[in-house]
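Next come the chains, spelled out residue by residue.
There are 2 protein chains.
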Amino acid sequence: MRVSRYFMPVLKENPAEAQIVSHRYMLRAGMIKQQAAGIYSWLPLGLRVLNRIQQIVHEEQVRAGHIPLLMPTLQPADLWRESGRYDDYGQEMLRIKDRQDREMLYGPTNEEMITDIFRAHVGSYKDLPLTLYHIQWKFRDEMRPRFGVMRGREFLMKDGYNFDVDKAAALHAYNRHMVSYLRTYERMGLTAIPMRADSGPIGGEDTHEFLVLAATGESEVFFDSAVTDLRLGSREVDYDNREDVAAVCKEFTTLYARTDETHDQALFDAIPEERRKVARGIEVGQIFYFGTKYSESMGATVVTADGSKVPVEMGSHGIGVSRLLGAIIEASHDDKGIIWPEGVTPFPVGIVNLKQGDAAADAACEGLYKALKAKSLEALYDDREERAGAKFATMDLIGLPWRITVGPRGLANGVVELTSRRTGVSEEMAPEAAVARIAEIYAGI
Amino acid sequence: MRVSRYFMPVLKENPAEAQIVSHRYMLRAGMIKQQAAGIYSWLPLGLRVLNRIQQIVHEEQVRAGHIPLLMPTLQPADLWRESGRYDDYGQEMLRIKDRQDREMLYGPTNEEMITDIFRAHVGSYKDLPLTLYHIQWKFRDEMRPRFGVMRGREFLMKDGYNFDVDKAAALHAYNRHMVSYLRTYERMGLTAIPMRADSGPIGGEDTHEFLVLAATGESEVFFDSAVTDLRLGSREVDYDNREDVAAVCKEFTTLYARTDETHDQALFDAIPEERRKVARGIEVGQIFYFGTKYSESMGATVVTADGSKVPVEMGSHGIGVSRLLGAIIEASHDDKGIIWPEGVTPFPVGIVNLKQGDAAADAACEGLYKALKAKSLEALYDDREERAGAKFATMDLIGLPWRITVGPRGLANGVVELTSRRTGVSEEMAPEAAVARIAEIYAGI
Chain H
0 MRVSRYFMPV LKENPAEAQI VSHRYMLRAG MIKQQAAGIY SWLPLGLRVL NRIQQIVHEE
60 QVRAGHIPLL MPTLQPADLW RESGRYDDYG QEMLRIKDRQ DREMLYGPTN EEMITDIFRA
120 HVGSYKDLPL TLYHIQWKFR DEMRPRFGVM RGREFLMKDG YNFDVDKAAA LHAYNRHMVS
180 YLRTYERMGL TAIPMRADSG PIGGEDTHEF LVLAATGESE VFFDSAVTDL RLGSREVDYD
240 NREDVAAVCK EFTTLYARTD ETHDQALFDA IPEERRKVAR GIEVGQIFYF GTKYSESMGA
300 TVVTADGSKV PVEMGSHGIG VSRLLGAIIE ASHDDKGIIW PEGVTPFPVG IVNLKQGDAA
360 ADAACEGLYK ALKAKSLEAL YDDREERAGA KFATMDLIGL PWRITVGPRG LANGVVELTS
420 RRTGVSEEMA PEAAVARIAE IYAGI
Chain D
0 MRVSRYFMPV LKENPAEAQI VSHRYMLRAG MIKQQAAGIY SWLPLGLRVL NRIQQIVHEE
60 QVRAGHIPLL MPTLQPADLW RESGRYDDYG QEMLRIKDRQ DREMLYGPTN EEMITDIFRA
120 HVGSYKDLPL TLYHIQWKFR DEMRPRFGVM RGREFLMKDG YNFDVDKAAA LHAYNRHMVS
180 YLRTYERMGL TAIPMRADSG PIGGEDTHEF LVLAATGESE VFFDSAVTDL RLGSREVDYD
240 NREDVAAVCK EFTTLYARTD ETHDQALFDA IPEERRKVAR GIEVGQIFYF GTKYSESMGA
300 TVVTADGSKV PVEMGSHGIG VSRLLGAIIE ASHDDKGIIW PEGVTPFPVG IVNLKQGDAA
360 ADAACEGLYK ALKAKSLEAL YDDREERAGA KFATMDLIGL PWRITVGPRG LANGVVELTS
420 RRTGVSEEMA PEAAVARIAE IYAGI
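These protein sequences, in sequence, are chains H and D.
Residues 0 to 444 in numbering that gives the first Met the number 0 are what the first sequence spells out, letter by letter.
Residues 0 to 444 in numbering that gives the first Met the number 0 are what the second sequence spells out, letter by letter.
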């Protein structure tokens, strides 16, 4: 993408309304625009990151054997009356009447609707296990929407629902979600720690939240510092193998890690003092096992192998897709701007032309741009007639992890400069070598 | 995808509520489930087609130089008061009050919001031309939602908006949209004819609708039969070249083709009688040039090269993404089910194992499945223990364009059968040859 043809309205001033760094940088980098309290437009640069995050979520869900569908944003109130939640939910539920005066709502979550789909079409244990998920816009009418996309009202969420014949199978689904979430967050460059949590209004027995450590987090968290060293890495996990999956979960949940809601001071005090950590965390996901709460009230049953009819065992599992942009920025930035992890960056690399209009510099930039494109890497090429300082400041603000700087002086020696946004370290090399290096960096991403 | 692990709830009975073939087949093939009047869940098979269609729309918009963003589904009423449309719009607009009693609406279209984004960030002719688009869920509270996704209330639309410094540039944007739409529909296997249309409530000077011929279409259309022979084909069009783009538009709009709203009997009668056609059509898109209607009322101006400030010239351009599924099925089916064009099929090919459990048949199917996957072709492999007749009926209903049939008898001779859904013609060949043939068919798609 050439900056001259793009729509990336970077702001020079710090927006007054932004209280936290991710909100400030998303506004300044031209990623979002507020349209009403807690309701945002995703400008082109923001949408690219949102799409990258969705892509990773989809890939890891499909890898775990989960099946995507898409439920609508609006739901009939009657479905929620069946579970009893229509009256319980309170003012965060956006209630709507259509032209026929029928009661509707903008879905804040989808347990009722997915149970309705299940009961309409599935009746036998032979069709299980089954996990269905979607990534769809939700609405929660927060009293005080704030912090940009971190606590918006209209927000994008991945929510998945497992249906299983018995509790053991449902707990395997729970574990499968934990492992797939660990991989999802790692691919986004995040350390998200699963912490035993409270079940809240969905109602469940087992539940973990995934928290990203950040000073601006809404929850106080207590953990053994060794937990932050755990990595799933590139190991293969067979999602059909209950023992393998459970072993990974055990590895990631044995060390103490809890939110203030479930914190146990005595257990915490048993950790060696130098590993005892109190910090703040941003919740980026949660998994629940809740058994037959919805299947019983809504009549979602299956016939088992022995011919009996039982309510299906369920759980629900969510990832805060739009809020992840905020969480990633909170965890990865400096005073110049965002530092995107390679997994979610809007463009893999930026090209800065130090002297637009100089024949050699222009030709070298065009050559780099095309060579990267030929390797399926779309660079953001700053081809504007701007001074170098302004171009560097924009690149630093929007946070592409790599920058290639092209100028007449370097080209006279046959080199361009490749710079890491994270370390600030620059290296001179031939243009072809820079393309090869970028391709190598992104080969595994 | 293995059918045994998929969620594809095929119905044996014809659903009573479905009046037209596309609605009937989408329900029977387990593509959608109605959740309320005109509001649908997209089950996994339906979502795959919806995603394919979105992908094609995105690719052709980006090819034309248009830039994706994403606006929210809910909008503040005040924006619509600025253009005067809040009171004009009538009962099709779903009006909502939030917990603070603020007036909101579920966007039926986005002229006001995109103009708001533009005026907040763009002020100079140097940033033009600019075309922004999104694919987002819309809501129109139809009095009588019907025909499944063809006339739903919550529906997915691509809507794009051009911003240009003068009328000539805006008309070029109009033409660019026409050409990109022609290519979009052709890639979906559709003949969509641009027809001069009425501007309706958006208010415009120039406007064309794109209509797909189908007996169940909502509009009566009148055209010169020669217009159905026109094809954009694989020709390259330089979207920056005004003359080239205008020439393509002229080619596709010179022959008589109008809806009943703009029909001119005298012009129609001038067509040679054997080419005079009256038929019905389904609207799948519309392009508008409306000049300064919104920019004037909302104060979206740019400074021109000579320093004067003018309201920006605009147009809006829509493709009915979710409705396209219905239109494609109406245009491409037989009495056994859907016949997907290769461009939008949910899976490129189906594999039918005639004798599940037979070691040779199972191994051959697995081999085919993996060989296709290695070529990035995800087959739908019917690995259920079902009789062949039921498997064939399902494949015919869901309409994958190609089927590979594998059975012990053929394998004894080293062959499988490759069948075209459209022609019904089968050919025996070695498994590797079938894989190669499928790869060849999809190479250009």
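Think of the hints as simulated: they come from the structure by calculation, not from any bench.
We put the beta carbon where it would ideally sit given N, CA and C, even for glycine.
A hint or two may mislead.
[What the hints assert, rightly or not] When the alpha-carbon atoms are kept at most 25 Å apart in a straight line, the in silico BS3-like pairs for lysine-lysine are as follows:
| hint | chain 1 | residue 1 | chain 2 | residue 2 |
| --- | --- | --- | --- | --- |
| 1 | D | K354 | D | K369 |
| 2 | D | K96 | H | K96 |
| 3 | H | K249 | H | K166 |
| 4 | D | K372 | H | K374 |
| 5 | D | K166 | H | K11 |
| 6 | H | K335 | H | K32 |
| 7 | H | K125 | D | K125 |
| 8 | H | K32 | D | K125 |
| 9 | D | K166 | H | K125 |
| 10 | D | K354 | D | K372 |
| 11 | D | K249 | D | K276 |
| 12 | H | K308 | H | K335 |
| 13 | D | K374 | H | K125 |
| 14 | D | K354 | H | K11 |
| 15 | D | K166 | H | K308 |
| 16 | D | K369 | H | K354 |
| 17 | D | K32 | H | K372 |
| 18 | D | K32 | H | K96 |
| 19 | D | K166 | D | K125 |
| 20 | H | K32 | D | K96 |
| 21 | H | K32 | H | K11 |
| 22 | H | K374 | D | K374 |
| 23 | H | K372 | H | K354 |
| 24 | D | K166 | D | K249 |
[What the hints assert, rightly or not] What follows is a list of derived Cβ distance ranges for each label pair:
| hint | chain 1 | residue 1 | chain 2 | residue 2 | range |
| --- | --- | --- | --- | --- | --- |
| 25 | H | G366 | D | T253 | 37 to 47 Å |
| 26 | D | E439 | H | A442 | 25 to 35 Å |
| 27 | H | S419 | D | S375 | 31 to 41 Å |
[Unchecked claim] Covered by chain D, per the in silico footprint, the following chain H stretches (three or more residues, Cβ under 8 Å):
| hint | segment |
| --- | --- |
| 28 | 24–34 |
| 29 | 270–284 |
Hints numbered earlier in the text: which of these fail when held up against the supplied structure?
5, 7, 9, 12, 13, 14, 15, 16, 17 and 29
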